[in-house]
Amino acid sequence: MMGTLASVFTIARWEVKRSFTTLGRNVLPVAVVLFLLLMLATGFTAQSGMHLQDGIYSLGIDDPGLSAILGGDARFRVFSAEESTLQANRGAYDLVIIQGRVLRPLTDRGRAALKTLDRDYARYVSSVYNREEDLFAAYPLWIDLQAVKSEISFDATQSGQYLSLQQRSGEPPVPGGPVEAVATPAPQLPVPEDALREGLKREEGTPDQISRYTGLFSREPEYSTFRTPSQLSPPLPFDSIIFVFAFIFPLYFTSQFFMMSIMNERIERKGEVLLSGPVAPSVIIAGKMLPYLLGMVGVSTVVILAAGAPLAVLLPLVPVILFFLASALLIGMVSRSFKELSFISIFFSTVATSYLFFPSIFAQVHVISLISPLTLIVLQLQGEGFTAGQYLYSTALFYLTSGVLFYAGAVNFNAERLFSELAFFPRVRDFIAASLSRDHPFRSVFLMNTLLIPFIFMVQMMALVLFFNLPMPWSLLLLIGAAAFIEEFAKSIGVYTLFFEGDARPGGKTLVLASVATGAGFLFGEKLFLLVMLTQITDSVFGSILFLQQGILLLWMPLLLHITGVLVVSLVIRAGGTRWYLPGLMAATLIHGLYNLYFIMGWMR
Amino acid sequence: MNTRHIAIIAKKEFLGLNHEKTILLAVLLQLFVAMFSSFLMVGLTSMYDPSSLSTATRVRYGVGLTGANTTLDQYLGERADFQVYRMDLSTGLAALKERKLAAVIYVPSTPPDALDPVQVTLYSLQNDIQTAVVQVKLKEVLLQYEEDLREVRSARLSATPREVRFPTGQRSEGFYEFVFGLLVPLLVFMPAIIASSLIIDLITEEYQHNTLETLVSTPVSFAEVVWGKVLACELLVPVQSGAWLLLLAANGIRVQNPLPILLLVSLSSLALILLSALTALHYRERTAAQFIYSTALVVVILVVVAIPGNPLNVIVRAATGAPGMDLPGTIGIVGAAALSLGYVTHRYAQWIGQRVQNGS
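Protein chains in written order, with our numbering: chain F, 1 to 605; chain C, 606 to 965.
If we strip away everything but chain F, and leave its shape as in the complex, we get:
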C-alpha cells in the first residue's frame, strides 16, 4: 500500500516536472500577460457594454425630448423630424412616435422594435418612480410571496398521474384532508422602506442581458420575499450562472492539459518506458492525474476565495472535476490525431457544459434542476445551501460515471491499446471488450448494463433538449424513437462486443442467456437509479412506497421488452453477420418504440 502511494507520488512528480519544462520556458510569461489582458478586456467590455445589436432599429420621433425614454439604448437609431415628414416617410422607420403615440409597426423588425421599446419604456418609468420621495405612492402595492409545500406533487407526477392545477368546474374546491387554521398575515411590511428603495435602484442600474431577449425573467431581488408586481417574474439566477462559468472554464483548460499529457505518451510510443516499469496502469493514471486534480481543486479554491463565496461550493465541484478528468483520460487514449482530439474534446466539453449548466437555470423553479451539481452551487451562492440528500442526488451520477470511465481507462492502459493504429470505432470496441470479463460473460454483461444507466440518462436528457424545438407530434415521436434507440444501442453493446468478436457465432442458448442478463441488468440499474433518486428528493416515505408497489407490479413487462430487444439484435447478427448489426438495431428500436408509444398513448387516453 505504501509502495503504491510512493509510486503514485513519483509519477506525479515526473508529470509536474515534464509539464513545466514544456510549458514553463516561454509559455508562462505570455500566459501571465494574457491573463492580465483578459482582466483588462473584461473590465473594458463590462464598462463599454456589448455592442452586438447596435443600431438595428430606427425610431422616428416628433419631439426630441422623447429620446429620454430610451435610456441610452444603443439598439435604436433615433431621428427627429416634423410630424408631417414622419407621416410621409413612415416606411423608412421601424417605429414612429407621434404626439406620444406609437404608430402600429408595419414589419417584423418593427414589431421586434416595439417590444424592445416597451421594455425600455418600462425601465424609464420605474427610474422616474424610484426617485420619488414618497416610495409608497410610487409603489403602492407590494406582494409577499409565500411558497406552500405540496405533499403529493412530486410523487404523483412520477407515478404517471398528472395532477394539474387547472380547474374545470365552477364549484369551489373542498379540501379532502383536515383544514389547519392559518392566521391572516399582518398588514404592515416588516422590511424598512430604505431597504426596499435600495433594492429597486440596484435592479434599475443593471442592464440585463437575458431580459433583452425574453423580457420574462428577473433577477432575484435580494431583499426577502417582497416584490412589486413588475418584479413578479420567474426567477433566473443569472448572476450565479455567470459566476458558475468562472468555475467551469479553468476546469476545462486543466482537463485539456491532462488529455494532452495522455496523448503525448502515445506519440511515437514515448510512453513505452513508463509502461515497462513495475507499476500497475492504475498507478500510472493516478500519478499522472494527481497534479491536475490538485491543480483544479486549487484553482477552484482561489476562484471561490477571490469571489468571497462559501467554501462549501467546492463540494459539488469535486465530482465535476473527476468527471472532466475521467473523460479527458479516455479522450486522450482514444484519439488518433490532434485534430481528432480537438473535435472530440470540444464536442464533449460543450455537451457536458450544457448538461451541467442547463438544469441550474431552474434552480428556484423545480426539484428536477438538482440533476446538475451546478444547481447546488447556485443554491449555495444564493445563501440557501443544500442538504446531504440533495448532494447525493445531484452528484451520484457524476461519481458513478467517472468511476466507470476510470475503470475503462485503467484496464485499457497498455501498449496494445495505446499504440494501436485502428480507426475510431474498432478502437472504442476494443476498449469496451477489454473492460468485460470473458470468464464470467453473463455476470459482466449484467453489471455493464447496470453501470450504463447513468450514461443513458444523460444522453436521453440531451435528446429531450434537442427535440423540444420541433412541432408537437414530431417532437414526441422523435423523442420516443430516440429514447428507444439509445436504450437498444446501449444494451446491444455488451452482447455485441463480447459474443461476436471476430467471426464468433455463439449458440442460441448463450444468446438467450446473455439477453436475459442484459435485460435484467438494465432494468435493475434503471429501477435502482430511480429509487435512489426518488428517496433522496422526496421527504416522505409515502412516495417511495407508492413507486415500489407500482414498480413490482409492472416489472415483468419492461423486463420482457428489454430482453426481447437485445435478443432481436443478437439473433439478426447471428443470422446475417456483423454487417446486419444496424438493421437489427433498427428492428429492436422499432419494437421498443411501438411499445413506448402504445403505453404513452394509453396513458394519454
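If you're looking for bench data, these hints aren't it; they were derived computationally from the structure. Please note that a few of the clues may not be correct.
[Claimed, not checked] Computed cross-link-like contacts, DSS-like style, restricted to lysine-lysine with a CA-CA straight-line distance of at most 25 Å:
#, chain 1, residue 1, chain 2, residue 2
1, F, Lys149, C, Lys744
2, F, Lys115, C, Lys744
3, C, Lys744, C, Lys705
4, F, Lys17, F, Lys270
5, C, Lys705, F, Lys149
Fit chain C to the supplied structure of chain F, relying on the hints for placement.
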C-alpha cells in the same frame, strides 16, 4: 510559391479529415449549439408564458381569494384564464396543498389612499413549473391593480413619467432580436473559430510526429506547406457558414446581404487562422499553442465586441437589412488586417523553412 504545391498540401489535409470523419462532430456540435440556444430562448419563454406562442391554450387556473374586497376581484373575474373562488384563508391553503387550487391571494383591508403600502400575500406551490406560469399570469392582473392604487395616491407624487401610448392587440414578434442579434452571428462565426483551432493541430502535428524534415525534403517549401494548411482550413469556413444561411432560410429566417456577410466572415476567419498559425509556428507544441491561442481569442473577442461598429455588429445589421452601416469599409479593414497577418506568416514560415533545411 507554387500554387500546385499549396493545392497538394490542402488536398492532403482534406483527405486526412475525410479519413477520420470526426469533423462530423464539429458540424454536429454547431447544430447542437444552435438547437440548444433556441431551446433556451423559445422553450423557456413559451413554457413560462404560453401566450407568447400563437396557439395559446385555454386553461383556467383556480385562484382562492380571501380578505378585503377591492378592484382586484373584478380584474381577476374578467380574466378567462382564472376561476376565482371566494373562500377563507385556512380552507384555501388546505386546498392549495392538495393541488386543488393554483394560488391563494390574501388582500388586507388597508385603504387605497393610506400612507402605508397595500401588502398582498400570494401563496403558491413551492418548486413547481406551473407555479411560475400562474405567477406570470397573475402579474398582469396585479399590475392593473397597482395602477389603480397609484392613481389614488397620485397627488403625493412629485414627478410623472412622460406618457407614451402603445398600440394594443399587437401580435408580438417573439424572437426576432434573438435570432438576428445573437443566433446569426454565433452561427456564421462558429466555423471560423473551429477552423482556427484546427490549424494549430495540423501544424503542431508535423512537429511532434517529426514529419517536418521529410516534408521539407520534398520540392514543397515550408511556406507552401503552411499556406496549404491555411487554405484547407479557410475553405471549410464559407462552406459551413453558407450552409447555415441556407438552413436558416429553410426555416423561414431570411438573412439579408448573404454574400457580403460570407465575404466578411471568410476574411475575419482568415485573420483568425493566420493568428493561430503564427502561434502554432512559434510554440511547435499543441498544448502550449492551443492554450495561448484560445486565451488570446477570448481577449480579442471581448475587446472587439466592446467596440461600437465592430464586424459582428456590422454582420447583425447587414443580416437584418438595417440601412446605414459601413459594410465595404469593414470588409476593407478586416481584409487589410488579414493581408498583413498573411505577410508576417509568410515571412516567418520562410525563415523557419530555411532553418529546418540548414538542419538547425
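Which numbered hints fail:
none
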